[in-house]
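Asker: Each chain is listed here by its residues.
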Amino acid sequence: MIVILGVTLIVFLLFQLAPNGAVGLARTDLGSRASPIQITQFIHQNGFNLPWWDQYWHLIDNYAHLNFGYSYHFNQPVRSLIGEFLPRSLVLVGMSTLLALLVAVPLGIFQTVRRNKVSDYVLTSLAFIFYAMPPFVFGLLLILYLAIDNHFFAPIVPSTEGVVQMMTDFHAMFLPVLTLATGTIAAFSRYMRSSMMDSLAQDFVRTARAKGASRSRVLFRHALRNALIPIITLLGLSLPAIVSGAVITETVFNFPGMGYLTYRAADQYDIYVVVGTTIVATVATVVGSLVADLLYAVADPRIRYVHN
Amino acid sequence: MSTTNEELLARSTEIIEASTTGNGASSGALGEGGLQGPSGGEATSTGSIGSLILRVFLENKLAIVGVALVILMLLFSFVGPLIYHTNQIGVNLADTTLPPSSSHVLGTDPSGFDVLGRLMYAGQSSLEVGLAAAAMATLIGVVWGAVAGFFGGIIDAVMMRVVDVLLSIPALFLLIVLAVIFTPGKVGLIFIIGGLAWLTPARLVRGETLTLRTREYVQAVRVMGGKNRRMVLRHIIPNAIGTIVVNATFQVADAILVLAALSFLGLGIQYPQADWGSMLSDGSQYVLTGYWWLIVPAGVCIVVVVVAFNFIGDALRDSLEVRLQQR
Chain P
1 MIVILGVTLI
11 VFLLFQLAPN
21 GAVGLARTDL
31 GSRASPIQIT
41 QFIHQNGFNL
51 PWWDQYWHLI
61 DNYAHLNFGY
71 SYHFNQPVRS
81 LIGEFLPRSL
91 VLVGMSTLLA
101 LLVAVPLGIF
111 QTVRRNKVSD
121 YVLTSLAFIF
131 YAMPPFVFGL
141 LLILYLAIDN
151 HFFAPIVPST
161 EGVVQMMTDF
171 HAMFLPVLTL
181 ATGTIAAFSR
191 YMRSSMMDSL
201 AQDFVRTARA
211 KGASRSRVLF
221 RHALRNALIP
231 IITLLGLSLP
241 AIVSGAVITE
251 TVFNFPGMGY
261 LTYRAADQYD
271 IYVVVGTTIV
281 ATVATVVGSL
291 VADLLYAVAD
301 PRIRYVHN
Chain Y
1 MSTTNEELLA
11 RSTEIIEAST
21 TGNGASSGAL
31 GEGGLQGPSG
41 GEATSTGSIG
51 SLILRVFLEN
61 KLAIVGVALV
71 ILMLLFSFVG
81 PLIYHTNQIG
91 VNLADTTLPP
101 SSSHVLGTDP
111 SGFDVLGRLM
121 YAGQSSLEVG
131 LAAAAMATLI
141 GVVWGAVAGF
151 FGGIIDAVMM
161 RVVDVLLSIP
171 ALFLLIVLAV
181 IFTPGKVGLI
191 FIIGGLAWLT
201 PARLVRGETL
211 TLRTREYVQA
221 VRVMGGKNRR
231 MVLRHIIPNA
241 IGTIVVNATF
251 QVADAILVLA
261 ALSFLGLGIQ
271 YPQADWGSML
281 SDGSQYVLTG
291 YWWLIVPAGV
301 CIVVVVVAFN
311 FIGDALRDSL
321 EVRLQQR
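Chains as they are written, first to last, in my numbering: chain P, 1 to 308; chain Y, 1 to 327.
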């Protein structure tokens, strides 16, 4: 809650700091040939002549009622725009995070088992490279070699598709999901490896081995469960980065989601859309982190949120 | 509580000496001259962190590779244009998007600029902004974190809540808002990127400060009547310098990536200037026609620089951890 208030305050202050202030905003929205009368009218309509605390109150009030303003570029309310684009982004982020976990966790375990062997070194170096490769580089390379040179996948995502259609369209969805997942896989598998190593060095692992548990049982039952706990924390912490990555990925693949909407709006200086998507993305991220925190309690029996 | 002032002073001097000898014995590289001057507690001077870094690089192969790559890219971007002369000013519409050939090693871009020359020219912007933004982020983060951690209490709580709020916003959205409102040039981009990247160093330095302020030698300075500013600037920050330097290295890599991302969205470095991100942005218009020379070289440059800085950071962090374990 504090975070969301903080975000609105920051965004609001940025509005106040905009060069040329309200007149500048009016000009970008109405066009450079707007008459002074039109500009005055615009300022009155949007309440820019009120003192700043009044304006901030109106902003909070509006956003609390999910009223994000009106997009001059797309010629529809920002709320309906977001309603249209947000579910698709959730699909992209959700699927790629799932894929990342499904790949990174086994990869980390594999590297722990084969630690300091050739395959471990190869995977570590690959992780280094992919960790450094931003989605717009990786995505473009994938398009170039997998969609253009060889027609394995579609280079761009059709913008007409609904959410359900999208989730089943493997041909178009594979590349964007893979692009967004790769950076996460690289980061998570490295972390998973060190986390597994840590828990393998713990006393309870030695105890389990000593009482006669098999190697694989120790690995999966004892060590893995403990190693997964920090991964959940990491997941919560990485969400802002994943959402940022989604903006880029969506732009690369013309994926009709929130990030692409933000990009298009930013290109047209459509400030209400940009601010609206920023706030919605932040709220989604905060909610995601909260869910990760709750999962944390599920995974680790030592942690209980006490409520009296 | 029968100790007199003289006794306290004597005791605190002892503690200072003990703490510096401790440092000197355990880490060699850090402790040089620790006992020589009257300013005993200031164990870590800039000279000794320099020698620490030097030692790390001589011991660690990855670090050598990292530094070599960084130097290579610096030479490529800043000295390269002096050797490989290309026209990066006049648009040449007769020679656009030519594939690589003997006259244009990496082909030409949509404006007819030689891609290899363009890479050098773009590298200047990327590296300049990356290094400057990282320096700025580190500076703000160190001051913010040290102040918050040192004073504690309500100041700490308020300052760190600000960091928490900013950290939970997906950074790219905030950057887009800023870039749209201010339409920054190169210097503006440094301020915007640096002005949002200081959160991690602030957190790290605050954590370090919280432990350092309870150390005997910092307490001793307080007993001796040292001012807050002196304690923070001459005792706490120098002792946290390892963490700070490691993070600064990663900051450079991050800043280059953020700039490239902004430029890729068309909000960073503006035409006719270029950076690697904006080159990719141009190239992405031609990806469907398969003009690989507009994409692969710039992508390789970004990845190489970022990997290089990550190598250096990792090596520094490893050595720092070893040093801490030896203590």
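Since the hints were derived computationally from the structure, they do not count as laboratory data. Worth double-checking, as some hints may not be accurate.
As the list claims (entries may be wrong) - Anything over 10 Å on all C-beta distances counts as not near chain P; from chain Y, calculated:
1. Y84
2. V147
3. I155
4. F311
Said to hold, decoys possible - Dumping the calculated EDC-like pairs for lysine to aspartate or glutamate here, alpha-carbon to alpha-carbon at most 20 Å:
5. P:K117 / P:D198
6. Y:K227 / Y:E216
7. Y:K61 / P:D120
8. Y:K186 / Y:E128
9. Y:K186 / P:D267
10. Y:K61 / Y:E216
What the hints assert, rightly or not - Cβ pair distances, simulated, as ranges:
11. Y:G290 / P:N116: 38 to 46 Å
12. P:S194 / Y:V162: 28 to 36 Å
13. P:I148 / Y:G153: 56 to 64 Å
14. Y:G195 / P:E84: 46 to 54 Å
15. Y:L139 / P:N116: 35 to 43 Å
16. P:H58 / Y:D95: 50 to 58 Å
Where a beta carbon is used, it is the ideal one built from N, C-alpha and C, also for glycine.
Asker: Run the structure past the numbered hints and jot down the numbers of the failing ones, going up.
Answerer: Per hint list: 4, 10 and 14 violated.
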